[in-house]
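Visitor: Going by the UniProt record's numbering, the sequence shown runs without a break in its numbering and finishes at 680.
For the record, the hints were derived by calculation from the structure and aren't laboratory data.
Glycine is no exception: its CB is placed at the ideal position from the N, C-alpha and C atoms.
Treat the hints with caution; some may be incorrect.
Unchecked claim - With a Cα cut of at most 25 Å, we get these calculated BS3-like pairs of lysine-lysine:
{"no.": "1", "residue 1": "K7", "residue 2": "K52"}
{"no.": "2", "residue 1": "K7", "residue 2": "K29"}
{"no.": "3", "residue 1": "K189", "residue 2": "K361"}
{"no.": "4", "residue 1": "K137", "residue 2": "K7"}
{"no.": "5", "residue 1": "K300", "residue 2": "K361"}
{"no.": "6", "residue 1": "K199", "residue 2": "K189"}
{"no.": "7", "residue 1": "K189", "residue 2": "K350"}
{"no.": "8", "residue 1": "K350", "residue 2": "K300"}
{"no.": "9", "residue 1": "K361", "residue 2": "K199"}
{"no.": "10", "residue 1": "K300", "residue 2": "K124"}
{"no.": "11", "residue 1": "K505", "residue 2": "K425"}
{"no.": "12", "residue 1": "K199", "residue 2": "K344"}
{"no.": "13", "residue 1": "K425", "residue 2": "K599"}
{"no.": "14", "residue 1": "K505", "residue 2": "K7"}
{"no.": "15", "residue 1": "K599", "residue 2": "K505"}
{"no.": "16", "residue 1": "K124", "residue 2": "K325"}
{"no.": "17", "residue 1": "K199", "residue 2": "K350"}
{"no.": "18", "residue 1": "K124", "residue 2": "K137"}
{"no.": "19", "residue 1": "K29", "residue 2": "K62"}
{"no.": "20", "residue 1": "K344", "residue 2": "K361"}
{"no.": "21", "residue 1": "K124", "residue 2": "K62"}
{"no.": "22", "residue 1": "K62", "residue 2": "K425"}
{"no.": "23", "residue 1": "K425", "residue 2": "K508"}
{"no.": "24", "residue 1": "K344", "residue 2": "K189"}
{"no.": "25", "residue 1": "K479", "residue 2": "K505"}
{"no.": "26", "residue 1": "K124", "residue 2": "K29"}
{"no.": "27", "residue 1": "K52", "residue 2": "K62"}
{"no.": "28", "residue 1": "K62", "residue 2": "K300"}
{"no.": "29", "residue 1": "K124", "residue 2": "K344"}
{"no.": "30", "residue 1": "K325", "residue 2": "K361"}
{"no.": "31", "residue 1": "K29", "residue 2": "K325"}
{"no.": "32", "residue 1": "K325", "residue 2": "K344"}
{"no.": "33", "residue 1": "K508", "residue 2": "K599"}
Said to hold, decoys possible - Cβ pair distances, simulated, as ranges:
{"no.": "34", "residue 1": "L607", "residue 2": "S473", "range": "34 to 42 Å"}
{"no.": "35", "residue 1": "A400", "residue 2": "L378", "range": "36 to 44 Å"}
{"no.": "36", "residue 1": "R278", "residue 2": "A400", "range": "29 to 37 Å"}
{"no.": "37", "residue 1": "A400", "residue 2": "Y663", "range": "32 to 40 Å"}
{"no.": "38", "residue 1": "K425", "residue 2": "F187", "range": "43 to 51 Å"}
{"no.": "39", "residue 1": "K124", "residue 2": "S89", "range": "21 to 29 Å"}
{"no.": "40", "residue 1": "R278", "residue 2": "T363", "range": "15 to 23 Å"}
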Amino acid sequence: MSQTHGKLGPFLLGKDMEAAGGSVYDNIKLIFLHVKCEQDTTSLQTGGGNAKVSALLRAFPKESLQDIEASRTGLSGLTLTAEGIWNSSSGQLLMVGCEGRVESGLEGCDYQIAMYFPRAVSIKQRSFLFGSISSLKKDIGLDNPLFFDAMRSSNDFLDSLSYSYSNNIDLVNRFERTTLPHQILTFIKQLLFQYPALKDGEEPLAQLVTLASSLGLHGYVVSDQLIDGQKSRVIIQIEVLSLGPLLLQHHIVPQLYKRNQRNEPVVIKTKEDLKISRFLNVSMHLVFRIETTYQQTTYKNVSELSLEGLYDPTLGEMHLIGCRKALVEGIGLERGQDCLIEVKIQYPAKNFQWKKHQSAKITIRSQRQEEDPLHFNLISLSALLTHYQDYDEIALNREAFEGILCILMLAGSIAIIWSQLLYMKADASIVPYISTSMLASQILGYSLPLICGAKVLLKPSKLEAYYGAWPQSALGMLKLLQSIQNALLLVAILVTARLFRMVSKSRKRHHPKGSRYAATKIRVILGFIVIFAVDYLIWLATRENPNVHVQPGKDNYEARNVHMQQTWMPIIEDVVSLLQDMFLLPQILLNLSMATPVKSLREAYYLGFTSIRLLVHFLDYTRDPVLHPKVGISEFMSQNSTSALFAKVAAPAIIIMTAIVVYIQQNWKYQKHMIHSPKY
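Modelling step: build the complete structure from the supplied sequences, incorporating the hints.
Guide: What follows is the structure in structure tokens.
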């Protein structure tokens, strides 16, 4: 219905409402008040269930409070009094509306109000009621009806509703087939990655409910964190409305339904009904919101989308068709909906939940030509996610994975130390030129975790909240892995101590007590302590420390000991990490303070430990520090800040630089010695 002469259909707009101009349609809400129903005696005689209905329809600005508007009793240019008939068999309410102005009288009853309560929802119709207000007069300016609908939220459906998938599924089928990767790549992806899928051994309803919960997304848009000057992040929220035969409903127990040839609901009784096809039909609702106020916002010309399509659980991909409200003229619109939109969602693998910044890849593409006013550019974004539902299983797998990885790295460390031992036995002349301070720092780095129970390589994850949920068998497996780690730590200490003993004995033979080497040794030790202390203070000042905390619970036992452990354990772990990062520093100081005509360290020794430390830092950087849903991040640290960048880059840079310096020292001094040595 046209907006003419300060009116929106039958409603007389005030100056403040009229000032909204072209956006007045979005700024007006309707409320249905004082509804009275009376059984239609005529329909009883014919076996129908019709009823006479009278009500008041009031328009009000979007900013006004609904409760206040509902309490108003007066009539005005923003009200319509209406009477009509409700047809229960068709779900339709037809009424005649009269303008609420006193001077209008009976001559103001010139409007027809039609409301329809659908029995099924679809991609183009997500409202539990929709209707129109049209003029009974053939006035040129009032020919177009005024449409309205009611959708309080994306899940606000009645329990009698079902979902009706549209013909767009055929389009999605074609789109999905054309975008499938090569069969070999598909097989490799299925072999390596696990995505949200139906779980065997569960009832059909439980399988679908769990999967629907995993497919719903609620996270932060990664690209373009601040859009159009907004002072907060943008949240993307995707809710699953239906999945296969499952219809999710607000405050109602989810129901399984399937329709036969007569379009009648049929209850699914067997699990085989869910395995007929590789793909699952799905309908969803996507909306962008502002983080602080949680109000709906526009992200690159898209604010809200109704989605419908297919989900492939083997590849973790979802191919969808999207519809959005169109407020401008365009080709191919139906009930003001632009449905020429393609959406693809790539879910992250469940077995990579340890990865930091876990995100889903979302692409939104318009199928319209560039000259079309409804066309928009390709939207490609990543959404930082809340994690999948089965947190306990994910955390257990991650803890086991980290335990096995630590065992492998410790075994590699022992092999590296053993190779250095063989290198020293093969050439006894190199032994006195190895730094005992370097070996002592390595022994200390292995001893502290064994004594204090700290992590030896990887920094600990915040998985304390899961320990009570894991079964005893799983805890037994983790204890076994920890015992193997402790045994390997002890072996590493003993082998390194053997190196230390060999170097000490050789020094006593080549450098008797009181020689110049004793002063050199003291300078090396003092230099290492000073550099280590300065580096540790810089590390404490610049390391990334996001405000992450697990919701505290009551601890009635050994609270003081737990607090002491939480205070000192991170310090011990940082000391261990720095000792392992800077293990070559004493050797560098020794090479600078005295002539070393030999290659005292095997390349496999210092390059091997360098590779292990770089791998440890890579894993610490990429894995997520927390997995539990009750972990809150109250503030977001800027990833581009100087301190965060230094904390991430400094340690690997120091490790690489020390290895390069040792390599240059050994080769340069060795070559220099070979040049000046006498030739026979």
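Visitor: Starting from K199, check that the Cα of K344 is at most 25 Å away, please.
Guide: The hint holds at about 24 Å.
Visitor: Quickly compare the C-alpha distance for K479 and K505 to 25 Å and report which way the hint goes.
Guide: violated (39 Å)
Visitor: Just to be careful, I want the Cα atoms of K344 and K361 compared with a cutoff of 25 Å; is the pair within it?
Guide: holds (8 Å)
Visitor: Against the range 36 to 44 Å, how does the distance between the Cβ atoms of A400 and L378 compare: consistent or not?
Guide: holds (41 Å)
Visitor: If you check the beta carbons of R278 and A400, does the distance land in 29 to 37 Å?
Guide: holds (31 Å)
Visitor: Between K189 and K361, is the straight-line Cα distance small enough, at 25 Å or below?
Guide: holds (16 Å)
Visitor: Quick check: does the Cβ-Cβ distance between K124 and S89 fall within 21 to 29 Å?
Guide: holds (24 Å)
Visitor: What's the verdict on K350 and K300, does the C-alpha distance respect the 25 Å limit or exceed it?
Guide: The given pair, whose Cα atoms are some 30 Å apart, is violated under the 25 Å limit.
Visitor: Against the 25 Å threshold, does the CA-CA distance of K124 and K62 hold or violate the hint?
Guide: holds (23 Å)
Visitor: Is the straight-line distance between the alpha-carbon of K508 and that of K599 25 Å or less?
Guide: holds (20 Å)
Visitor: Against the 25 Å threshold, does the CA-CA distance of K62 and K300 hold or violate the hint?
Guide: Cα-Cα ~24 Å, so holds.
Visitor: Holds or violated: K300 and K124, Cα atoms, limit 25 Å.
Guide: With a Cα-Cα distance of about 22 Å, the restraint between K300 and K124 holds, given a limit of 25 Å.
Of the hints listed earlier, those the structure fails to meet are numbers 1, 8, 14, 18, 22, 25, 27, in rising order.
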